[in-house]
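Novice: Going line by line, the protein sequences match chains Z and X.
Note that the first sequence covers residues 1 to 198 in UniProt numbering.
Note that the second sequence covers residues 1 to 198 in UniProt numbering.
It cannot be assumed that every hint is accurate.
Same chains, same label: a pair holds when it works inside one copy or across any pair of copies.
Unchecked claim - Taking lysine-lysine pairs in the BS3-like style, the calculated list, with each CA pair at most 30 Å apart, reads:
1) LYS197 / LYS60
2) LYS114 / LYS3
3) LYS60 / LYS3
4) LYS45 / LYS60
What the hints contain is simulated information worked out from the structure, not anything from laboratory work.
Predicted, not measured: the structure shown is a model, and the values here were computed from it.
2 protein chains.
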Amino acid sequence: MGKIAFWYEFASTYSYLTAMRIDEAAQRADVEVEWKPFLLGPIFKAQGWTSSPFNLFPAKGRYMVRDIERIAADRGLRFQMPDPFPANGLHAARIATAGRADGWCAPFTRAVFKAQFADGKDISDADVLASLLANIGVDSEAAFAAAGLHAAMDQLRLTTEEAQARGIFGAPSFTTEDGELFWGDDRLEQALAWAQKL
Amino acid sequence: MGKIAFWYEFASTYSYLTAMRIDEAAQRADVEVEWKPFLLGPIFKAQGWTSSPFNLFPAKGRYMVRDIERIAADRGLRFQMPDPFPANGLHAARIATAGRADGWCAPFTRAVFKAQFADGKDISDADVLASLLANIGVDSEAAFAAAGLHAAMDQLRLTTEEAQARGIFGAPSFTTEDGELFWGDDRLEQALAWAQKL
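Generate coordinates for the entire structure from the input sequences, incorporating the hints supplied.
Specialist: Here is the structure:
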């Protein structure tokens, strides 16, 4: 069975598109998915960017919103831009990282993306995150405690460093076991096809 | 019959991918294509970039080369990066602009992209361009003369200004008659489908 790693960042609009469809697409392709939340902030900072490229380059930002609107409409997804953008997804990313060990990273991730980009919720708000956890049957106090431990904080930092070492510069990205890198929701099918051939 | 405008820049690797397939794809979709060569340089400069983003952001540049290699292999196209990159495509763009009025812009454009990205030729070299023109049955002295007239130079400048006014920030891009903008070789099918519905 093929495998891919799915690298995503909670503030990333295109990561939302992928999170909502990767499980079904991977199942059809008989490929296993490892969900890897990471932080784009340190990677952007390392190349001299102080914010999202969609803020730094306004024409690109305007285009991105329209591009996502069209794709979301095609896929029957709701979409609205959060304000402020990019959202602060650090706490959510630490919780998702804690969830990797416990098997609820994927449903929590989908819930966070949907809350942010479909429902306009503030994903840096602890009450919002607690309610998302409760909805998927996870004890939010235990999850918050796990997310605050060095284990989760260190793993998120290491995952971000690993992303950078693999040449990742944006999200979503996909890597296969032979080290190929694919960037963007529109490369999911290529990544799955590549993993199938290994 | 639907219509799209195809905006491209000769130094752009992804524009090469599109130029080699857009006529066939548009014919299948029963959509007419207007070929619009323009210059990315002034648009990049306006957002503070002094070179291609693939040079300014090395991780993105390395990824782009691999991405194009994989796609070109899938499509049976040869690909190599020109040195230096980006090539100076100003003369070629002026000639292509002159060719828009004379009906040979598309075959000339394909010849320039193939010379650069498949055959490793220097597209700023007048001898290379003269030989490409001869191969498609165009008098190169007449074409060079037309490219040097104010008419062609002004039209290229105006096309570039129009691109910027339409929100274009990269190449290839596609616009439909209702003003929708699509960016990237991977959005060609969406642009054609949009044009069909108008």
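Novice: Against each hint, give a clear statement of whether it holds in the structure.
Specialist: Taking the hints in turn, this is what the structure says about them:
| no. | hint | in the structure |
| --- | --- | --- |
| 1 | LYS197 / LYS60 | between (35 Å within a copy, 25 Å between copies) |
| 2 | LYS114 / LYS3 | within (25 Å within a copy, 36 Å between copies) |
| 3 | LYS60 / LYS3 | between (32 Å within a copy, 24 Å between copies) |
| 4 | LYS45 / LYS60 | both (19 Å within a copy, 14 Å between copies) |
Violated hints: none; the structure is consistent with every hint.
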